[in-house]
Amino acid sequence: MVVSLYAIRRYVGTIVTYLIVLVAVTIAVFPLYWVVSTSLKYGVDALASPPILFPTRLTLENYRSAFGEQGMGRYMSNSLIISVASTVGSVLFASLAAYALSKTFLSYAVRQGMLAWVLLTRMFPPVTLLIPYYVIVRRVGLSDTHLGLTLTYMAYDMPFAIWLMVGFFQELPADIERAAVVDGCGMWQRFRLVVLPLTLPGMAVAAIFSFIGAWNEFLFASMLTSNVAKTLPVVISSYIGDKFLRWGEMSALGSAMVIPVLVFSLFAQRYLVRGLTFGAVKG
Amino acid sequence: MPPHDRPRDEEHRPQMGVPRWLARRSPVSSVSIESTPTPPVGVDYTHERRLSLLFLVVPTLLMLFVSVGPLLYSLVLSFFKWKMDLPMSRPVFTGLDNYVNVVRDPVVRQSLHITVIYVLVCVGAQLVLGMLGALLITGGKRGVGLLRTAFLVPFMMTPVVVGVLWRTLLHSIYGPINYALGLLFHMPTQPWLGDIHQALIAVILVEIWMHTPVAVFILAAGMQALPIELHKAAVVDGASKWQIFRHITLPLLKPVIMVVLLVRTMEAIKQVDLIYTLTYGGPGRATEFMSLLIYKLGLQYFRIGEATATSWFLLLLVLGLGVVFLRSILKKE
Amino acid sequence: MSHSHDRKALSRREFIRVVGIGAGAAVAASCAPKATPTPKATPVPKATPIPTSPPKKYEGITMAMLMQSGVAEEPPMNALAKEFFAETGCKIEIDTESWGNLAAKIQADLASGAPRYALFMNNPSFAYPIYDKLVPLDDYIEKYNYAMTGFFEPSYKYDLMVDPLSPVRYVLPVRFSTSPLWYRTDVIDEFPTTWKGYEDLLAANTGGGKYALSVAGVKVQLVKYFFARYWSQGVPTISPDWKVLINGPEGVKALAMVKDHITKYAPPGVLAWDNPDADNAFLAGETVVLESWGHTVPANADNPEKSKIAGKWSLAPYPENGTADISEHCFFIFKTAKSVDAAFEFAARVASTANAKKMAIENGVMSARKVVWTDPDVVAVRPYFPAFSEVIDLAKMPHAALPMAGELFMMLAEGCSLGVSGQMSIQDALDETAANWTKSLSAAEHNYEYQE
Chain A
183 MVVSLYAIRR YVGTIVTYLI VLVAVTIAVF PLYWVVSTSL KYGVDALASP PILFPTRLTL
243 ENYRSAFGEQ GMGRYMSNSL IISVASTVGS VLFASLAAYA LSKTFLSYAV RQGMLAWVLL
303 TRMFPPVTLL IPYYVIVRRV GLSDTHLGLT LTYMAYDMPF AIWLMVGFFQ ELPADIERAA
363 VVDGCGMWQR FRLVVLPLTL PGMAVAAIFS FIGAWNEFLF ASMLTSNVAK TLPVVISSYI
423 GDKFLRWGEM SALGSAMVIP VLVFSLFAQR YLVRGLTFGA VKG
Chain B
110 MPPHDRPRDE EHRPQMGVPR WLARRSPVSS VSIESTPTPP VGVDYTHERR LSLLFLVVPT
170 LLMLFVSVGP LLYSLVLSFF KWKMDLPMSR PVFTGLDNYV NVVRDPVVRQ SLHITVIYVL
230 VCVGAQLVLG MLGALLITGG KRGVGLLRTA FLVPFMMTPV VVGVLWRTLL HSIYGPINYA
290 LGLLFHMPTQ PWLGDIHQAL IAVILVEIWM HTPVAVFILA AGMQALPIEL HKAAVVDGAS
350 KWQIFRHITL PLLKPVIMVV LLVRTMEAIK QVDLIYTLTY GGPGRATEFM SLLIYKLGLQ
410 YFRIGEATAT SWFLLLLVLG LGVVFLRSIL KKE
Chain C
101 MSHSHDRKAL SRREFIRVVG IGAGAAVAAS CAPKATPTPK ATPVPKATPI PTSPPKKYEG
161 ITMAMLMQSG VAEEPPMNAL AKEFFAETGC KIEIDTESWG NLAAKIQADL ASGAPRYALF
221 MNNPSFAYPI YDKLVPLDDY IEKYNYAMTG FFEPSYKYDL MVDPLSPVRY VLPVRFSTSP
281 LWYRTDVIDE FPTTWKGYED LLAANTGGGK YALSVAGVKV QLVKYFFARY WSQGVPTISP
341 DWKVLINGPE GVKALAMVKD HITKYAPPGV LAWDNPDADN AFLAGETVVL ESWGHTVPAN
401 ADNPEKSKIA GKWSLAPYPE NGTADISEHC FFIFKTAKSV DAAFEFAARV ASTANAKKMA
461 IENGVMSARK VVWTDPDVVA VRPYFPAFSE VIDLAKMPHA ALPMAGELFM MLAEGCSLGV
521 SGQMSIQDAL DETAANWTKS LSAAEHNYEY QE
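Chains as they are written, first to last, in our numbering: chain A, 183 to 465; chain B, 110 to 442; chain C, 101 to 552.
Bound-form chain A, shown alone (with noise of 0.2 angstroms):
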């Protein structure tokens, strides 16, 4: 025999594999091609039958009337900084809550408390909260600001990071921490300098999802601002109506907002990367 089973399986086992990724990719990839390319195309051409799948002729027409739009960059920015800010914010809150809950020594209670508020929190529909919510945030001044939306999206994206990170902070051994208290360090540097470090895979799962929550949520967005702090998926859905449908800008304005998604992504990617290991407590 020339070749081997074992090579013949070997071989057949990575063809099938590749054959597998590509159609998971496309099955992803599709519909955002689809959406970008109908950003593109002219209006009779995005709904036409066959479907154009490769537009020959393209138009920035869709670019231009969206962004064109009075008042498009404040709400780009207003998005933009939101996000961030509620990023931001809830991932660095959110490890220090974790990181306090899976210590041993906090009265049993308050964690279990703590844990089940956040579950509790998570899978109530917010629908039912929104109008005693939006009332509260007028009466604190609260409405249509920056600074509202952004506490809003804190406190809803913080009881899944702290979940998160609760996980990832227990399968930690505690051999490190213990090796980081034998070297003099305190709790803050323990948390700083070693929990934390290891823990950057799950901080960055925890970020990537806090900023598309905060980025793409419209619920609260639409209640809560009317003007200066509007966002950019309140735009969004003004272009359905009840007897239109603007797609074009839609698709438009769809395919742009993924772009800072994107790069955001790209750059928290880096940190699941690492592929940190216990390489510190090799034995």
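A hint or two may mislead.
As the list claims (entries may be wrong) - Pairs of lysine-lysine residues, derived as BS3-like cross-links and limited to a Cα-Cα distance of at most 25 angstroms, are as follows:
1. C:Lys243 x C:Lys233
2. C:Lys470 x C:Lys496
3. C:Lys310 x C:Lys343
4. B:Lys405 x C:Lys182
5. C:Lys457 x C:Lys257
6. C:Lys470 x B:Lys190
7. C:Lys408 x C:Lys310
8. C:Lys353 x C:Lys364
9. B:Lys190 x C:Lys310
Worth flagging that the hints you see were computed from the coordinates, not collected in a lab. Predicted model, so just to flag it, every value in this text is computed and none were measured.
Based on these hints, arrange chains B and C on the given structure of chain A.
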């Protein structure tokens, strides 16, 4: 002592802070909640305790404001009858009437039925596909970065856009999916979202498409944080890839899997943006999930009492089932 | 342990510094935009050589207005707001919101105790539930000599509320519209005037992969098709003594007709189509008849870039006196407005005959004033207007002045969808809707006879 010989129970326990009343007594102490990692020696407890509480202040305050207040208010309102958009309307106390009506309502029952199907199928598929995807992107092969970004794409788009986009993709005349199906499999044009049976399937598929990346990335992050020594040791011992996965990776990933299950279930139950733009519950009530039902009750009909009661009913139901489910899972340990 | 104590103290300070900077940056970023000037760019005042002028009438007043986003009236509204500011010094900030969220926004605004909005423009059904917070406009109409002539008949009939016996006007109509039938003139010579004729026409043009009818089958759009077939049988949806009639034999026949027409003569999947999908199918020449609002088709049908049926289309009313419902946009003013006079003047300006004509010519806005539809200048630009206005004349607005009007509509939408999609039998679907209607109507007392 080589790493893989050291007993792992005490230190490397995946338990996510399982509450006492949830865990069952089991011979293996792996589920006992008392055995959290022993604190490092030489630490000033009181100081650190105070510091820890400080760490918890900000999240607690925020969540109190944003969640507790409105949540309690909504609970109170669920005992009232209040049609907010009628002129000069005021809440009227009705006790448990709202809850009784919710339990009796056939519309709610049907909505629960399809919501359960939806959540089970979606979360199950997302977990399995997520695991596959996580394995793919932690493979360390070339082009993994590109793969990562590609897999994140469905989750990156605004749900409102995704809803309209898929409506176009599944369109009976202009949609490329029907076109492709016709070309590849000679299938006639399918109504998809225009048919009461296919609509549910279509919505499930879109939801799986959109949120599998969440599972992929959480699981991948979990996999990355696992100690390599175990894998190396197992390979040295001659275990196959599948055996390594099944007996080492999977058990160690249990807490992460739990996170994925919990998070995805909660999100699937709450999902409104997507359904709103995809089908608005239609045709008929084929895709009227509980979350949409509550949305309509609250923001369309302004029947605040009924909306809040239905929300709390759903919440209690899910919590109750969740407790039962978790108990049975942990018992197996 | 002094060594480690020092290190602890240092690192804590360091950490606090980092956190503080981070938090401060976030807060500063959040607060920064507030320092920039107000969102609406200050309009460049018209060239007036004389520097000093007498104080403007409503100098320094700023009010907010809420309207639906993306409608044809939006650009002219913004332009008129600037004009108003230049002339009177009163600033009208126009907030736009997607249609689905308007009701929630209004309710939340009112519930907050310090309402932001002084003006609102959209369906009168938004006004019905909150009329106690609105300003009755009859006095202002008199005061400012606002022309109440030339409107469509239904506007006089339906816009008055609360009690038809002693009517009070709370709204100023701006836009009127209904849903006629659009058809291909190269395929159909004369549009049939009977339902049988219509069905024969549809059947003749369906087959071999081609479909005759284009409709928007999503829930909220099905209602108008039901109304068209229901009202052509000459019955109201509610009897004068407030009994719900839609689940009677006429209702069943009407909904069955809708289901029949859609299932047999419209393409598959039409129940997922919204207005643009239906309009586009007609504009692309896929179908020969379209039952839809006139927002897209007339404006684009003769544009070769957007339609394949240039010059080959026309419109017609429903057979046998059938008619869809009226869609109206109107202004209303909240009692909490800083200056009701200013608000009224702005609304009057927008809805005046002169501006209505201008908006019709420039933006294709379908005015509530019938005179605009037959004005020669307008007809020159929009030749389909006269025929369209005749269709509007026949249209009805059900449940006028009822606070539960919006709700009744949504319930009927759900019922129609249940029946047409086959999830329930037609009779069951209508029975459920009728039960819901009865429950909804019982929430208020009705001490007058119902008139549709």
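For each hint, the structure was consulted:
The hinted pair formed by lysine 243 of chain C and lysine 233 of chain C meets the criterion: a straight-line CA distance of about 21 angstroms does not exceed 25 angstroms. With a C-alpha separation of about 15 angstroms, the suggested pairing of lysine 470 of chain C with lysine 496 of chain C holds against the 25 angstroms cut-off. The hinted pair formed by lysine 310 of chain C and lysine 343 of chain C fails the criterion: a straight-line CA distance of about 43 angstroms is larger than 25 angstroms. A threshold of 25 angstroms between alpha carbons decides the hint, and for lysine 405 of chain B with lysine 182 of chain C the separation of about 37 angstroms lies outside it, so the pair is violated.
With a CA separation close to 23 angstroms, the supplied pair lysine 457 of chain C and lysine 257 of chain C stays within the 25 angstroms bound. Distance check on the hinted pair: lysine 470 of chain C and lysine 190 of chain B sit about 44 angstroms apart at the alpha-carbon level, beyond 25 angstroms; violated. In summary, the hint linking lysine 408 of chain C to lysine 310 of chain C is supported, as the alpha carbons are separated by about 16 angstroms, within the 25 angstroms threshold. Pair hint lysine 353 of chain C plus lysine 364 of chain C holds up; C-alpha atoms about 16 angstroms apart against a cutoff of 25 angstroms.
Proposed proximity of lysine 190 of chain B and lysine 310 of chain C is contradicted: the alpha carbons are some 52 angstroms apart, above 25 angstroms.
In summary, the structure is inconsistent with hints 3, 4, 6 and 9 from the numbered list given earlier, while agreeing with the others.
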